[in-house]
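Enquirer: From first to last, the protein sequence lines are chains R and F. Residues in the first sequence are numbered consecutively from 1, following my numbering. Residues in the second sequence are numbered consecutively from 1, following my numbering.
These aren't lab readings, by the way, just hints derived from the structure by calculation. These figures come from a predicted structure and were not determined experimentally. Idealized CB from N, CA, C, for every residue including glycine. Some clues are possibly wrong.
[To be verified] Cβ-to-Cβ under 8 Å is the rule here; a few derived chain R residues that face chain F:
| id | residue |
| --- | --- |
| 1 | Ser64 |
| 2 | Ser156 |
| 3 | Gly158 |
| 4 | Lys159 |
| 5 | Val189 |
| 6 | Arg197 |
| 7 | Gln217 |
Number of protein chains: 2
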Amino acid sequence: MSQAFDHASEHMQEAIDELVELLRIPSISALPEHGPDTRRAADFMAAALRRAGMENVHLAEPESGYPVVRGDWLGAPGKPTLILYGHYDVQPPDPVEEWTTPPFEPGIRDGRIYARGASDNKGQVMAIIKGVEAVMKTEGRLPINVKFAIEGEEESGGKALPNYLRDHAEEMKADAVLVADSNFPHPDVPGILTGLRGLVYTEVEAQGAAFDLHSGQYGGAAPNPFNALALVIAGLKDSSGRITIPGFYDDVIDPTPEEVESWGRLGFDEQEFLRTQIGSDAYFGEPDWSVPHRLMSRPTLDVHGIRGGFTGEGAKTVIPARAVAKISMRLVPNQDPGKIFAAFERRVQELATPGTRLVVRAINTDPPVSASIDGRGVQACKRALERAFGKEAAFLRMGGSVPVCTVFQEALGVELVITGFGLADDRLHSPDEKYEVSQYEGGIKTTIAMLEELGA
Amino acid sequence: MSQAFDHASEHMQEAIDELVELLRIPSISALPEHGPDTRRAADFMAAALRRAGMENVHLAEPESGYPVVRGDWLGAPGKPTLILYGHYDVQPPDPVEEWTTPPFEPGIRDGRIYARGASDNKGQVMAIIKGVEAVMKTEGRLPINVKFAIEGEEESGGKALPNYLRDHAEEMKADAVLVADSNFPHPDVPGILTGLRGLVYTEVEAQGAAFDLHSGQYGGAAPNPFNALALVIAGLKDSSGRITIPGFYDDVIDPTPEEVESWGRLGFDEQEFLRTQIGSDAYFGEPDWSVPHRLMSRPTLDVHGIRGGFTGEGAKTVIPARAVAKISMRLVPNQDPGKIFAAFERRVQELATPGTRLVVRAINTDPPVSASIDGRGVQACKRALERAFGKEAAFLRMGGSVPVCTVFQEALGVELVITGFGLADDRLHSPDEKYEVSQYEGGIKTTIAMLEELGA
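Generate the whole structure from the sequences, applying the supplied hints.
Expert: Below you can see the structure in the form of structure tokens.
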């Protein structure tokens, strides 16, 4: 297999060029006006799979939404089957003016590729494809069977892939799935995830008066939905950072001593992380828990924005009729999204003030996920990361949800192998998202090594 | 003076025709394309003052903007001097399609004149001019001295009149100013305003992380400026509607028994007002005070909007770096805007949570205005309204600010006499603005009676 490693090293410029071409496509699945771009990215993925020597490459079209890009190589009977996952859609690039170079005109500076989607997830899915391609080009075959399933709705919560997996459970039968959609916890420590936080994403709509009113004429008598929402939000999470929804923490299981011990090895520097990753002068969160605990094993609650009213220049004295807060909670393994949403809604309604009617909607819910350390895929991945990067991987939990993991687990019952080739400072979903070329190369080699480890 | 009353009654058709001619001029000061129309209205006012027998009639041209129309009659040495204020500009007529008859083609139906500016303020300033004219035509002189100052930038916030008053403080010396730019609080009760709420309009900017972050990766550790602002806002005004800024209510003076007594005569129906004017199922505000008190004599605090973050469709899990809340306070007489802003800023900073830096900016401040019930002008106006309309006036306070009142008080130190001949349903600034012919006649007679009362 060292031949494939050499092939990967020798063809890095091609791999970079191909990724840059993909990054030029603004495949923002959340914005309807980017529908044609998102479809163009799907076509690009299919072409990349064909170049990699995959068979039966096609776009599986859903009833609505964006296609799942499929392609297999099934020439190793008796050997394990691995699903290779990724997504070709990206987050919107706003605020565009804060990018150093335009989000869809990739710039390479100091060994880093800057573009929306560079790390999340185009650079990672391309690493897998180029890894498979390197083995096919050098060996003419793979040591195991693979089934690609690359979706285009990861950033917009679409249902095309979940539906596809449920409808094609037999066709998609496999032993494990490789999900490379996260990052190294430390530049010198690759990570394999054993837990992912879930998500309950809500909207709380506050309706006060029937129409916008002038604060001079009505102030002091008219309900104000912004003030009402502030009282609600302040009643969900106190000024110490603790969530005050009754029962919210009831089902949280503390991490095991082994997990806590392994986190200690990450060399996590709280001051350094605060300075470089957050850029503020203090953390805000549950004071009784260390920052790694809060990020990995503690649930939380955040407001993302509040729609409505007057936000322009100047001094318009409107009492808006309506305001809508977008509020989400991250859940940890063993918390139930339905139970948490119900507790949230109850608490919100308790906090309502006279004259303002509150409506609570669940926009999105993803249960938390956990994966076993002892699985064959997870162990193969650990060895592969070590061979590709020369660094020992740690078992971690992650703060975000990867909804597709739940779907793979529930629809197919496959082992989850969740890892990532990005770095922690890749600025996913932010201006100046980037991906290191060296991580790209390591990702390609990890894929090569993992195919071999699983085929051994 | 009954001769002047008779003259007014006998010449109402002329007065109506003259007003209709003025209403045909679309003098929209906020729209540059209506500049020539606005100047035409100024010329019209000057001609009307000359017809009324005023002397030294001229247009005082500002450096930029629209002229102040001036004209005096100063033939009563030893008698009081009254400034007569009004404005010849109007609001834009949008949405034009909602007018029954075109906004600048006045229609008279059921004793009402429908046109943009009919009530605000052309019909009221013409009532004053025609009242002065009636006395001049019948007596050949006035019982007091008058100085007209009619501006053309009231609806566009121009500075021509404020600058003129400051630059001509000696020329404009007077005992009182009559500002007739409001309306009867009830069809059977004329109103004289003894207080106008002031305004302190602020922005509170909250900066958490240095850049937008993903709540999955950073939630639980990163400061969230929306949660921080919610804690601030909830700490400014509690769930009972009481403002909790220390010292906020210290300088508030409760209304006099005479004011409270006169409010009782308004027949204010709290349920009716809630249903028709607010359209909610409950009021929100200080529970210890009745709704009229809260609207007229109590200060308040409202959030107008919060800029930043994600407010679109779907479930973007961003922890925004920054959020900006627009928050204003209405002040009542005797509260000092500078003192209140300082108390506000202090309280906001007290409520800051770790990791979020707060910056408080004053966007706009207007001091509250108060007029004494016992003033000679106010008392003369009360008697004049009663003689003209046969109805006893109430002393009221108003929720909004009328910036020109502050200017008269500060630049000239004159007594403010703030009243109005319109009705509450005149639809100022809305389609189908109207003015009752009977109110026009009453306004003319009020002016006649007020000149006499002040001259007595």
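Enquirer: Against chain F, with CB atoms and a cut of 8 Å, does the hint on R/Ser64 hold up?
Expert: Interface hint status for R/Ser64: violated (15 Å vs cutoff 8 Å).
Enquirer: Hint validation: R/Arg197 versus chain F, beta carbon distance must be below 8 Å. Holds or violated?
Expert: 6 Å, holds
Enquirer: Using 8 Å as the Cβ threshold, decide whether R/Val189 counts as touching chain F.
Expert: Violated - the Cβ of R/Val189 stays beyond 8 Å from chain F, reaching only about 16 Å at its closest.
Enquirer: For the hint on R/Gly158, does the least C-beta distance to chain F fall short of 8 Å?
Expert: For R/Gly158, the interface hint is violated, since the closest Cβ of chain F sits about 10 Å away, which is over 8 Å.
Enquirer: May I ask you to test the interface hint for R/Ser156 with respect to chain F, counting a Cβ-Cβ separation under 8 Å as satisfied?
Expert: 6 Å, holds
Enquirer: Does R/Gln217 pass the interface hint, meaning its C-beta sits closer than 8 Å to a C-beta of chain F?
Expert: Holds: closest Cβ of chain F sits about 5 Å from R/Gln217, inside 8 Å.
Enquirer: Does the interface hint hold: is R/Lys159 within less than 8 Å of chain F, judged Cβ to Cβ?
Expert: 13 Å, violated
Going through the hint list in order, the structure does not satisfy hints 1, 3, 4, 5.
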